[in-house]
Every structure is written in structure tokens, then in C-alpha cells.
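If you read the sequence shown in the numbering used here, its first letter stands for residue 1, the second for the next number, and so on.
It cannot be assumed that every hint is accurate.
Said to hold, decoys possible - What follows is a list of derived Cβ distance ranges for each label pair:
1. Lys73 <-> Ile37: 15 to 25 Å
2. Asp6 <-> Gly66: 13 to 23 Å
3. Arg110 <-> Gly66: 12 to 22 Å
4. Thr97 <-> Gly15: 24 to 34 Å
5. Val34 <-> Asp75: 34 to 44 Å
What the hints assert, rightly or not - Okay, derived cross-link-like pairs now, DSS-like style, lysine-lysine, Cα gap no bigger than 25 Å in a straight line:
6. Lys44 <-> Lys111
7. Lys111 <-> Lys72
8. Lys96 <-> Lys73
9. Lys72 <-> Lys3
10. Lys30 <-> Lys111
These are computed hints drawn from the structure, not numbers from a lab.
No residue lacks a Cβ here, since even glycine has one placed at the ideal position from N, Cα and C.
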Amino acid sequence: MIKVRDLVKIFHARGHVVRAVDGVSTDVAKGEVVVVIGPSGSGKSTFLRCLNGLESFDAGHVVIDGMDLADKKTDINVVRRDVGMVFQQFNLFPHKTVLDNICLAQQVVRKRSRE
Numbered sequence: 001m002i003k004v005r006d007l008v009k010i011f012h013a014r015g016h017v018v019r020a021v022d023g024v025s026t027d028v029a030k031g032e033v034v035v036v037i038g039p040s041g042s043g044k045s046t047f048l049r050c051l052n053g054l055e056s057f058d059a060g061h062v063v064i065d066g067m068d069l070a071d072k073k074t075d076i077n078v079v080r081r082d083v084g085m086v087f088q089q090f091n092l093f094p095h096k097t098v099l100d101n102i103c104l105a106q107q108v109v110r111k112r113s114r115e
């Protein structure tokens with residue numbers, strides 16, 4: 001289960017404060033499929049990077065299977081092993097299907113079968 005509460009990510013650019021993610025809250029149940037849709041620059045990728053621990057966040061809470069990403073004692077590498085994301089065009093293998101691209105990390109890193 002993924003629980004996100006009041007997530008905020010702020011960037012400082014050229015004297016401006018940009019709230020890339022501004023108070024996002026959501027729950028995702030185990031096995032549930034979720035699609036994040038929005039215009040370019042609306043914070044979709046930043047939100048996903050926060051969920052995977054690739055980007056730190058400034059406020060709020062992200063809890064994945066009981067592990068609180070804001071807790072300094074949480075081993076972020078354990079979280080990253082079980083959380084994956086695939087971007088629409090970035091770094092996909094053009095010779096592979098969508099499903100093959102999604103499964104690749106699990107097959108290589110976790111030594112899992114395609115099934």
C-alpha cells in the first residue's frame with residue numbers, strides 16, 4: 001500500500017520558488033494500477049521521483065508498505081527495490097514492447113521470470 005499525505009516539493013530557480021508538487025494526497029492499494037496524467041511541467045515526474053526516493057520532498061509523508069520515506073531510519077534502497085516506474089518515452093528500449101520494458105528491471109535486478 002502506498003499512502004501519500006500533503007506531499008510538497010519545492011525548487012528554487014533564478015530567484016523564484018516553484019512548488020512542483022503542492023499538497024498531493026492519495027492512496028494506492030496493493031495491486032491497483034494508477035496512471036498519473038497532466039500537462040507538461042505539472043509535477044508528474046517529480047511526484048513519482050519522490051515516491052521512489054529519487055527526489056527528496058520538502059513536506060508531507062510518503063509511506064510504502066509501512067516504510068515512512070521521511071523517517072531517517074528507513075533504508076531507501078529497500079524501498080527502491082520494490083518500487084518501480086516507467087516513463088512514457090525516456091530511456092525505454094524501442095525494440096521491446098511496453099510490457100517488456102516494464103518487466104526488465106524485475107528480471108535483471110530481482111532475477112524474476114517474465115510471468
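Results of checking the hints against the structure:
1. Lys73 <-> Ile37: 15 to 25 Å: Given a distance of about 34 Å, which is not inside 15 to 25 Å, the answer is violated.
2. Asp6 <-> Gly66: 13 to 23 Å: Between Asp6 and Gly66, where Cβ atoms are some 19 Å apart, the hint holds.
3. Arg110 <-> Gly66: 12 to 22 Å: Check passed, 20 Å falls within 12 to 22 Å.
4. Thr97 <-> Gly15: 24 to 34 Å: Check failed, 45 Å falls outside 24 to 34 Å.
5. Val34 <-> Asp75: 34 to 44 Å: The hinted range 34 to 44 Å is violated for Val34 and Asp75, with Cβ atoms some 24 Å apart.
6. Lys44 <-> Lys111: Measuring from Cα to Cα gives roughly 29 Å; hence the hint is violated.
7. Lys111 <-> Lys72: Violated, at about 29 Å.
8. Lys96 <-> Lys73: violated (38 Å)
9. Lys72 <-> Lys3: Answer holds: Lys72 to Lys3 is near 18 Å, not above 25 Å.
10. Lys30 <-> Lys111: Distance ~21 Å between Lys30 and Lys111 Cα, so the pair holds.
In this structure, the hints that do not hold are numbers 1, 4, 5, 6, 7, 8, in rising order.
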